Amino acid sequence: MGDRTVITTQVAIMGAGPAGLMLSHLLSQAGIDNTVVEIRSRADISATIRAGILEAGSVDLLVNSGVDNVLRNGHEHEGTEFRVNGEGHRIDFKGLVGQSVWLYPQNDVFDDLAARREADGGDVRYSCSNTEIEDVLGRPKVRFTDSEGRDFELQAEILVGSDGSRSQCRRHVPEANRKTYFNEYPFAWFGILTDAPRSAPELIYANSAHGFALISQRTDTMQRMYFQCDPTTNPDDWTDEQIWEQLRLRVNGNGFELKEGPVTDKVVLPFRSFVQAPMRHGNLFLAGDAAHTVPPTGAKGLNLALHDVALLFESLDSYFKSGSSALLDTYSERALDRVWKAQYFSYWMTTLLHTVPTESNHEFFRARQLGELRSLLESERGRAYIAECYTGWQTK
1 MGDRTVITTQ VAIMGAGPAG LMLSHLLSQA GIDNTVVEIR SRADISATIR
51 AGILEAGSVD LLVNSGVDNV LRNGHEHEGT EFRVNGEGHR IDFKGLVGQS
101 VWLYPQNDVF DDLAARREAD GGDVRYSCSN TEIEDVLGRP KVRFTDSEGR
151 DFELQAEILV GSDGSRSQCR RHVPEANRKT YFNEYPFAWF GILTDAPRSA
201 PELIYANSAH GFALISQRTD TMQRMYFQCD PTTNPDDWTD EQIWEQLRLR
251 VNGNGFELKE GPVTDKVVLP FRSFVQAPMR HGNLFLAGDA AHTVPPTGAK
301 GLNLALHDVA LLFESLDSYF KSGSSALLDT YSERALDRVW KAQYFSYWMT
351 TLLHTVPTES NHEFFRARQL GELRSLLESE RGRAYIAECY TGWQTK
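With the working numbering as the guide, the letters of the sequence shown map in order to residues 1 to 396.
Honestly, the hints are just simulated from the structure, not real lab data. Model, not experiment: these values are computed from the prediction. Just so you know, not all the hints are guaranteed correct.
In the DSS-like style, the derived pairs of lysine-lysine whose C-alpha atoms are separated by at most 30 Å in a straight line are [said to hold, decoys possible]: (1) Lys141 - Lys94; (2) Lys321 - Lys94; (3) Lys341 - Lys141; (4) Lys94 - Lys341; (5) Lys341 - Lys179.
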């Protein structure tokens, strides 16, 4: 291996997903030098299809920083529908708590941010390899080989690990200095993309005796849908008709029928919850999936990552402009406060809406679950609680 070219920067960011690029964008707007290192290619990240519900605060963060395609190409949802045994109950987010959410896929958020960083001359290195991290307690260093085979050493004052659920950065927190929390659920989601018109103007969360289903949208002609399945399910074993049969059983009823079409993509998504605390070690700060993951039921994953970024940007901006580390020193505590609220909401929504196959007394569990749903949906305060959590808690 030849000599390494040394690069110096104020903030090194590992990971060029939406969290890493959002932080890079905000730092650059504030005049704080930063470099992003990513092992995947830009095309690979763009092609990774993820859920796309943005809380009001996430939309504000994007739009206020000048990345506003969500307003033109996204779809504002002022509510959602809970269907229980085929009967619909709309939760009016706007009327109950004065906020909406926006349907806007995560890969579109990435594309918008990647294009903005490129237009602004941002230093984002995709397709890197041989990444090594050193000295997170002092002046962090990131060694890597770029896409053209050139070797670099990136020296920074601060290292941010926003490198996803398989984070390399979080492994640099010694076991003695970290605590991890993990939960694996006894079911998964069978997800499909289908060439079909929209079945409904807003998301449908369906609870039925046959299991959970979620009806989401992508475009006027392509939709995303999910139904609860066993984690060991092989999607290739399922025909289109078998898939639609399960979705009909869980959603159709009382005059409502899904609009169907050819299935163009099939995937099984396991359900896991994870938190690593604290989200700081020395001059290493974790953000997004590198520090926490949630099951997708509550639509919190990307929103939590963007909230981390907002807190971390505020802290870094204060540090570099005033020299005070006060906000940096409380970053982990402040971020984890929202993380655990989101973990609770995601867990609660998951157990509220799914059939739990390991429940020993199934009949009691099902009857109790229906009682809980009635208690919530028949109460304005119950619906308001769901609306408040789903659209995003107001920042204190």
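Honestly, which of those hints from before does the structure not fit?
-> 1, 2, 3
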